[in-house]
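Start from the sequences and build out the full structure, keeping to the hints where you can.
First to last, the protein sequences are chains R and U.
Under this note's numbering, the first residue of the first sequence is numbered 1, with each subsequent residue one higher.
Under this note's numbering, the first residue of the second sequence is numbered 115, with each subsequent residue one higher.
One should not assume that every hint holds.
[Unchecked claim] Covered, in the sense of this in silico footprint (three residues per stretch, anywhere, with C-beta under 8 Å from a C-beta of chain R), are these stretches of chain U:
{"hint": "1", "segment": "155-164"}
{"hint": "2", "segment": "197-206"}
{"hint": "3", "segment": "213-224"}
FYI, nobody ran anything at the bench for these hints, they're computed from the structure.
Here the structure is a predicted model, which is why all the values come from computation and not from measurement.
Backbone N, C-alpha and C define an ideal beta-carbon position, used for all residues, glycine too.
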Amino acid sequence: EADIYQTPRYLVIGTGKKITLECSQTMGHDKMYWYQQDPGMELHLIHYSYGVNSTEKGDLSSESTVSRIRTEHFPLTLESARPSHTSQYLCASSAGGYANEKLFFGSGTQLSVL
Amino acid sequence: GQQVMQIPQYQHVQEGEDFTTYCNSSTTLSNIQWYKQRPGGHPVFLIQLVKSGEVKKQKRLTFQFGEAKKNSSLHITATQTTDVGTYFCAGQGGSEKLVFGKGTKLTVNP
Numbered sequence: 001e002a003d004i005y006q007t008p009r010y011l012v013i014g015t016g017k018k019i020t021l022e023c024s025q026t027m028g029h030d031k032m033y034w035y036q037q038d039p040g041m042e043l044h045l046i047h048y049s050y051g052v053n054s055t056e057k058g059d060l061s062s063e064s065t066v067s068r069i070r071t072e073h074f075p076l077t078l079e080s081a082r083p084s085h086t087s088q089y090l091c092a093s094s095a096g097g098y099a100n101e102k103l104f105f106g107s108g109t110q111l112s113v114l
Numbered sequence: 115g116q117q118v119m120q121i122p123q124y125q126h127v128q129e130g131e132d133f134t135t136y137c138n139s140s141t142t143l144s145n146i147q148w149y150k151q152r153p154g155g156h157p158v159f160l161i162q163l164v165k166s167g168e169v170k171k172q173k174r175l176t177f178q179f180g181e182a183k184k185n186s187s188l189h190i191t192a193t194q195t196t197d198v199g200t201y202f203c204a205g206q207g208g209s210e211k212l213v214f215g216k217g218t219k220l221t222v223n224p
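Okay, here's the thing in structure tokens:
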């Protein structure tokens with residue numbers, strides 16, 4: 001079944017650790033996105049990609065980095081986590097095209113940095 | 115750049131009451147989408163509106179797209195406890211990426 005997967009679901013780590021949040025989709029979508037969301041709050045776009053080897057920063061400045069080596073995979077990396085990075089990170093994908101940006105979201109990774 | 119304003123930020127209703135959330139864009143949109151996020155969950159696509167003045171219904175939910183394609187609304191008739199969550203609109207202008215509103219958090223008192 002076509003879907004979008006995020007791992008881990010929950011992550012608690014100490015300050016200064018390097019982490020990678022995984023996101024994979026089986027729908028063959030070209031466009032993928034990372035959003036940051038505090039509980040019950042608005043969605044902030046932090047990174048997006050329109051295809052392999054294409055990545056762009058979003059509207060909210062983030063210290064994280066992303067890569068897009070394969071269509072289905074869009075991992076997000078924090079080189080040195082800090083308590084201010086505590087948040088929920090949502091990955092999404094879309095088939096794209098004019099007036100067709102319907103997003104499919106993963107279940108999210110809840111990150112807590114101590 | 116494009117901005118999408120959504121009101122109200124919070125809405126608390128008694129079960130059975132109606133609920134409406136409104137979305138306004140600073141620019142003309144090519145389409146608008148609505149998403150629902152249950153508490154502890156992730157946003158789930160509800161619907162997309164493309165045509166000026168379009169009205170779509172999903173059971174007790176009615177979605178409207180304004181004539182000028184700059185505003186939209188979601189109306190829920192006779193709310194139920196299962197309607198609890200945050201409703202987000204997201205507008206797309208031309209070939210630009212989606213811009214989300216801040217969401218309306220709906221709570222329903224049984």
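Going through the hints against the structure:
no.	hint	in the structure
1	155-164	holds (count 7)
2	197-206	holds (count 4)
3	213-224	holds (count 5)
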